[in-house]
Each structure stands twice: as C-alpha cells, then as structure tokens.
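J.: As you go down the protein sequences, you meet chains W and Z in turn. Using numbering that gives the first Met the number 0, the first residue of the first sequence is number 0, and each one after it goes up by one. Using numbering that gives the first Met the number 0, the first residue of the second sequence is number 0, and each one after it goes up by one.
Just so you know, the hints here were simulated from the structure itself, not pulled from any lab data. All values derive from a computational prediction rather than experimental measurement. Beta carbons: idealized from backbone N, C-alpha and C, even for Gly. One or more hints might be untrue.
Selected chain W positions facing chain Z (Cβ under 8 Å, derived; list incomplete) [stated by the list, open to error]:
(1) Q55
(2) H75
(3) L83
(4) E104
(5) R111
(6) D238
(7) F242
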Amino acid sequence: MYSFEQLAGQERNIRFLRGAIRQARWIHAYLFLGPEGTGKKTLALAFAKALNCLDQQAFQAGQACGMCRSCQKIEHGNHPDVHLFQPQGTALRIDQAREIRRLAELKPYEGRYKVFILDQAERLTAEAANSLLKLLEEPPDRCAFILLASDLGAMLPTVVSRCVTVRTQPVPTAQMEAILQERARADGRELDPGDVRVACALAEGSVGKARDLAEGRLAGLRQAALQFVLNVGRWSAADCLDFSAHWEDKREEAGLLIQLLQGIYHDLLWIKLASGLAQGYLLHPDQAPALAEAARTLSLDAILQSLQLCRWVERQLDRNLSVRLALDVLLLDLRECFAGRDVPLVATEYEGG
Amino acid sequence: MFFRCEREPFLQAIQAAQRAVSSRTTLPILSGLLLNLEDGTLTVTGTDLDLGIETQFGVEQKEPGAMVLDARALADIVRRLPDRQVELSLDAATHLARITSGPAHFEIHSLDAADYPALPDPGEGLQWSVSYPVLRQLIRFTTFAAANDDTRASLNGALLELEDGEAHMVATDSYRLALFVQPQGAATSVKALIPAQTLQEVAKLLVDVPEAQAQITLGKSHALFQLGSTRVVTRLIDATFPNYRQIIPASFVTETVVDRLALQSALERASLLSRGGAVIVKMEISADQLQISASVPDEGDYREALPAQSTGEDLEVAFNARYLLDALRVIPNAAVRLRCTGSRSASLLMPEGPLAGGPATATSPAPDAARQQGDAPAAPEEAGGASAESASGGRFVYMVMPVMYR
Ligand SMILES: [Zn+2]
Chain W
0 MYSFEQLAGQ ERNIRFLRGA IRQARWIHAY LFLGPEGTGK KTLALAFAKA LNCLDQQAFQ
60 AGQACGMCRS CQKIEHGNHP DVHLFQPQGT ALRIDQAREI RRLAELKPYE GRYKVFILDQ
120 AERLTAEAAN SLLKLLEEPP DRCAFILLAS DLGAMLPTVV SRCVTVRTQP VPTAQMEAIL
180 QERARADGRE LDPGDVRVAC ALAEGSVGKA RDLAEGRLAG LRQAALQFVL NVGRWSAADC
240 LDFSAHWEDK REEAGLLIQL LQGIYHDLLW IKLASGLAQG YLLHPDQAPA LAEAARTLSL
300 DAILQSLQLC RWVERQLDRN LSVRLALDVL LLDLRECFAG RDVPLVATEY EGG
Chain Z
0 MFFRCEREPF LQAIQAAQRA VSSRTTLPIL SGLLLNLEDG TLTVTGTDLD LGIETQFGVE
60 QKEPGAMVLD ARALADIVRR LPDRQVELSL DAATHLARIT SGPAHFEIHS LDAADYPALP
120 DPGEGLQWSV SYPVLRQLIR FTTFAAANDD TRASLNGALL ELEDGEAHMV ATDSYRLALF
180 VQPQGAATSV KALIPAQTLQ EVAKLLVDVP EAQAQITLGK SHALFQLGST RVVTRLIDAT
240 FPNYRQIIPA SFVTETVVDR LALQSALERA SLLSRGGAVI VKMEISADQL QISASVPDEG
300 DYREALPAQS TGEDLEVAFN ARYLLDALRV IPNAAVRLRC TGSRSASLLM PEGPLAGGPA
360 TATSPAPDAA RQQGDAPAAP EEAGGASAES ASGGRFVYMV MPVMYR
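Chain W extracted, bound-state conformation:
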C-alpha cells in the first residue's frame, strides 16, 4: 500500500506534505531527495492519493482514505491523472518531457490534481530537463510535479531551485525491525526475529529492501548459511558440492548467501575477540550458543581467512565468474579452513571461469 501510514520514519515529511494539501499551497514542484529505497516513490504515491482522495473529509485533513476509487486506482497504477515516468534505458528523454508537457496542458481527466512523478530525475537529459524548466517554474493549474532523486549533484541546479526539496532518510535499523514486525503482524503473520534482524542489517536503511528480504528468500538462505558454517567440520567435499549445486544459475541468491556467510564469520570473529560480549552486538544473537561452540573449535586465523575467502569470491561473482564454480571453490576452501588447513588465495587460478 502506498500510504502515509506505511511510511515509517518520515513523520516530518508527511506533516509537511499534509500541511501543503490542507492549505492548498506549494502544490507545484517537489524534489524528493534521498538514498535508494528510502521510500521516495511510496511517499510520492501517498501524496498523489491524498491530493486526489474522493473522501472529502480525508482530503481536507491532507490524508487519503485508501478505500475510494481514486485511492484504489493509484494503488493499482491505473489513475489517469497520476503519471509515473521512469528512465527509458538509461535516461529520462526529451520525448518523455514532451509527453509531460502535453499532458500538463490538459485538464485532469477525473481527479483533482494531475501528478507527475519522475523517478530517478537525476537521469533527465539536459535537453529534457531544460524543456521542463518553464513548467516547473509556472505549473499549469492543478498540476503537481514530484521529482525523485538520490544524487543531488547530478541534477541541474536550475531544476533543483524550482522545486521544494523534501529529504528522505535511511531508517535506523532498530526502528526498521520494529516496523517490519508490526506490518507482518498486521497481515496476520509472524516473522522470525533473527531473519528480520539480518534483513535490516543488509538493507542499508531501506525499509522496502528489508521487507523484500525478510518476507522473501532470506528466511531459507539464512538457515542454509548457518547450517553450513556450524556443520562444515563434519561435511565431506561431496556434501559441499551438493550444497553448492542448489545455487546453480541463481546469481543473486548466491551473492546473498555469501553475504550471509560473511555475517556469520563476522559474528564468530566478535565472539573470539571479545568473549563475554553482549549478544546485542551479534548479527545472529538467536544462534549465540551454537556460534560460541563453533568459535571455540576454530582458530582466529581460520576465521579471518574464511572472511577473506568470502570477500574474494564475492568479487569474483561480480566479475561474472560462473555461480556454480564460485560457490564450489568457496565452500571447499571454507571446509579446508575449518579443518585448520591453510588455503592460499590464487586470484588468477579461477579467473575467466
């Protein structure tokens, strides 16, 4: 749902935008500025809903009811007055700017306001941006422009100066964990707190990304990664290769798995170096006893080398090394590490695979 209520950590922005609607002021051109995944698009669509909500009471309060035909159409991407423009290929192009200008001249089809949302506005070509200047300066009646951008430096200053800037911030991890759990409960589900914690750690401040991770593939992957690290001492080489085979051609998931392995070895490192540390410092506090057990059997060198191996294979994966080969190598090497054998990093050996 695109609604103000769903936007955690943006209370000030929401209060500001609601005020703008209530007082019918500044409803012209905005720049929503913030890192990827901090809810800019959700905020823009929630704003579009509030501007067009058919529930008069909600509208006057600067809110959206979420139930009326207009709110529903925006939710489904089907509102004829709410236009989302995204880069075609790498850029927002001049023909898109022309279409925006054409549409801006028309009366709203059925809504109160026409809302133009330009996603990744830093990708406007100079030609396209310049052709929109006049429109941003003096928007026609009943038009709102919302430019979404994460890189202020890549924007034309003339565009930025015509917009009211609204900054979106990454949400602190602890707050994000609470939000994820709250939403899951609202949907009648319970998420594993361990999964939520790891998802939020990997999400770089983006609630959307954390939710995707926590509700998506993370659950199984985290268990798989833990199972590997905690048991690899008893595994044969063939077990490792069987395990690796699961991720054949699943590059994204394999990358996530390696990130998770790193996180676990990181926890082992903390336990080893700062024994007796509060569990709050661990990424996987729910596994603390098992991790402590593993940390006892491993040497500091083995843990450090395992971490190094993970980082190195992660880089190889970015260079398009075959997923299967990368994981085969990594898992076998980690097994060697666990057994206390030294594994040399020979970069050239695997390159170009």
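Starting from the known structure of chain W, arrange chain Z with the ligand on it as the hints suggest.
T.: The following block gives chain Z with the ligand in isolation, referenced to the frame of chain W:
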C-alpha cells in the same frame, strides 16, 4: 457476468473499440477493453484517454456485470474461435474470464472494471447531423495534410468550422494545407480542432451505409461522434489554428491544367530517384507543356514533359513531390489545375471543374435544415471526369509551398 452471443458482431465490436487502445499506454488498465453487460446489451469500450470508442450490441444475458480483458488477447482469441456462438463468463472469485465456443475453452485473466476510466461527457454543445459519405469526404480530403506528432499542437488536428451554412474542414503541417468546403453546415457557427488521427479512426468506422447519419456533438473540450451504435469521444485540441482564410492566395501569375493521372504517374516516377527520402521536382510551366525534372545527388536525374494548357507567365517552380502526390491521390477528377503565385510563394492545386463523383464523393442528401445547395440526387459512382457533376457540391483546395531547387 455471463452472456452468450454471436461471434461476428462481438468481433466487430472488439475491433472497433480496439482502435482507441494505444500500445504505448502507461496505465495497465488501458491496454484492456471494458466489457459492460446491462439490460441485454453488451458495451465494449476502449480508450487511450484522448480518444474513446464504445460500441454496443445485443446479447443473450444471463447475469449482468463488467470486466476488463486485454484487448489484443481478446481480439486474437475471438477471431480464431471455432464456433459461431460465443459464451463468456467471469469468475468473480478468481477474476478469470471463461470464453467458450464449440469445443474450445479459454480462461484468461481479467482486470477490475472499477479501475476503468469513464469516457468524458462532451456536455452541452452544438449538434450537427451529417451523412456518412459527406463526413468521410471531409476527413479523407484534409487529414492527410496534418502533422503527425508536431510540438505545435494545432498542426496535429483538423479544424472543423460550421459557418454560414457551410462546413469547412482544414488541416496543415505548415508546408501544405488541405481545405474541404461542404455546403451543408449547421445553422449556428462553431469551430472545433479535432485530432487528425481521431478523424481517421472515425472514417474507418463509417461503413458503407449511404443513408446513415452521423450525429456530432461539439462540446467545450470534447467532441462526440455517434455512428449508429458506436460512440467516438475525442479530446479537442486546445490551440489556435492558423488563420487559413488569409493565407490562401486569390490571384495568380501562372495557371496550368494537366491530366491528373499523367501528373501523378510522372511524380511517382520522379520519386523513384530516392528510396524513402524526399524528392524535389522542378516544374517548368510554359504555354502548352509542363516540364518536370528532378535531380538527386549520387542517385540520378529524371526528366519528363507533359502536355498542359497554361495561361499567364512562363514559370519555374519546385515542390516536394510527396506533397503533390498526397493531394493527387484523393482528387477523383480527370484533370487538375495548378495555380501559382511565383516560385517562392504558395501555389494551389485543385480539381479542374467541380469535384467529380469519385469513390470518395458523397451520394446522399443530408436532411439538415442548414443545407442550401448541392443536394443533387444520388448519382451512380463514376471513375471521375472533368465534366461530372459533383454529387455533394464539395470544394477541395490544396495549398502547397514551393521549395528551393538546387
Ligand atoms: Zn481515498
């Protein structure tokens, strides 16, 4: 929603409404057609928000309702159904539409009809009743001269003007201008700038029913064409059309009359010099001859002389061949007259004599009170001839700007 109907009228309704569906839409719902079933009538609607087409026909209704189905998928399926009967139902729980015809059985996903935008209401406006053949003529003789996707909005439309008992339709892309005058306007005066592409879609819906009348409503921001059981609603272009009456020249230094087909074939030959590109033809007009030549660098030269009857000064003037061909292809007369004001100012190309009753010509009288003349009795269609009576009394004027000849 549940109904049974004949495949053919269903397919026709789908294909008519599909004309308004754009492939470039950003709203998922607009790639679909709305099927709305009420009181035994199925209404099929398509729109791209600028143009909306809805058409109705009677079906055997079992349960009223509405749904949106992907336009392309629906058209493809219905076209290939094995039986003359079609049965369509919607499973409200799964949103699956079931299409059954003879032994064939389809299940396709539907979208929520409540998301489909209502077609705009043109509101109170001037009503004009015009026969299908006359409307088709107005459109066919003018819309080809409009620009396609010009940033100057007024050039993408054709202006319909009803004034002094005449209907004018005119379109220009700023290099040439096509004007058709029909002595059958409404009593009041009104102007509307209608997107040329919409008019071309309207023309395709004007099936050959000589007696049929189109009811046109010209509102403030929208126009409605009621064509039998089909409604076409279009947004009007909110821009000022160039004042064409002032720019059409009235006096000429040179005039020449030439066989229309001979000129058309000569220009088509000249166009062979460039594949796809513009070919500039030079015309040397003298008393009894029209000399046409073209030269395209790296391609070749072309030269041909046509017999002609000219008056006034000898003149050299050059045109883009395509612009002349566009007009020659709609003129049904055996001969055309080219009236020039010089080598750097506009020329007029028009049928010689009254507009011939060619395939594009209207044959039915319009019952509108405002008509004053030209309602000659229906004439059999002719291949065209300079002496043929114009069945509709329509007048076609085509203005074209010359170009520099290197
Ligand atoms: Zn609402």
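J.: Now tell me, hint by hint, if it's right for this structure.
T.: Taking the hints in turn, this is what the structure says about them:
A cut of 8 Å between beta carbons decides the hint on Q55(W): the least distance to chain Z is about 20 Å, and the hint is violated. Hint on H75(W) holds. Least Cβ distance to chain Z is approximately 6 Å, under the 8 Å limit. The restraint placing L83(W) at the interface with chain Z holds, with a minimum CB-CB distance near 7 Å, inside the 8 Å limit. Taken as an interface hint, E104(W) checks out: its beta carbon lies about 7 Å from the nearest beta carbon of chain Z, inside 8 Å.
With a cut of 8 Å, the hint placing R111(W) at the interface with chain Z is violated, because the nearest CB-to-CB distance is about 15 Å. A hinted interface residue such as D238(W) counts as satisfied when its beta carbon comes closer than 8 Å to some beta carbon of chain Z; here the least separation is about 44 Å, so the hint is violated. For F242(W), the interface hint is violated, since its Cβ never comes within 8 Å of a Cβ in chain Z; the closest pair sits about 38 Å apart.
Hints 1, 5, 6 and 7 from the earlier list are contradicted by this structure; the remaining hints agree with it.
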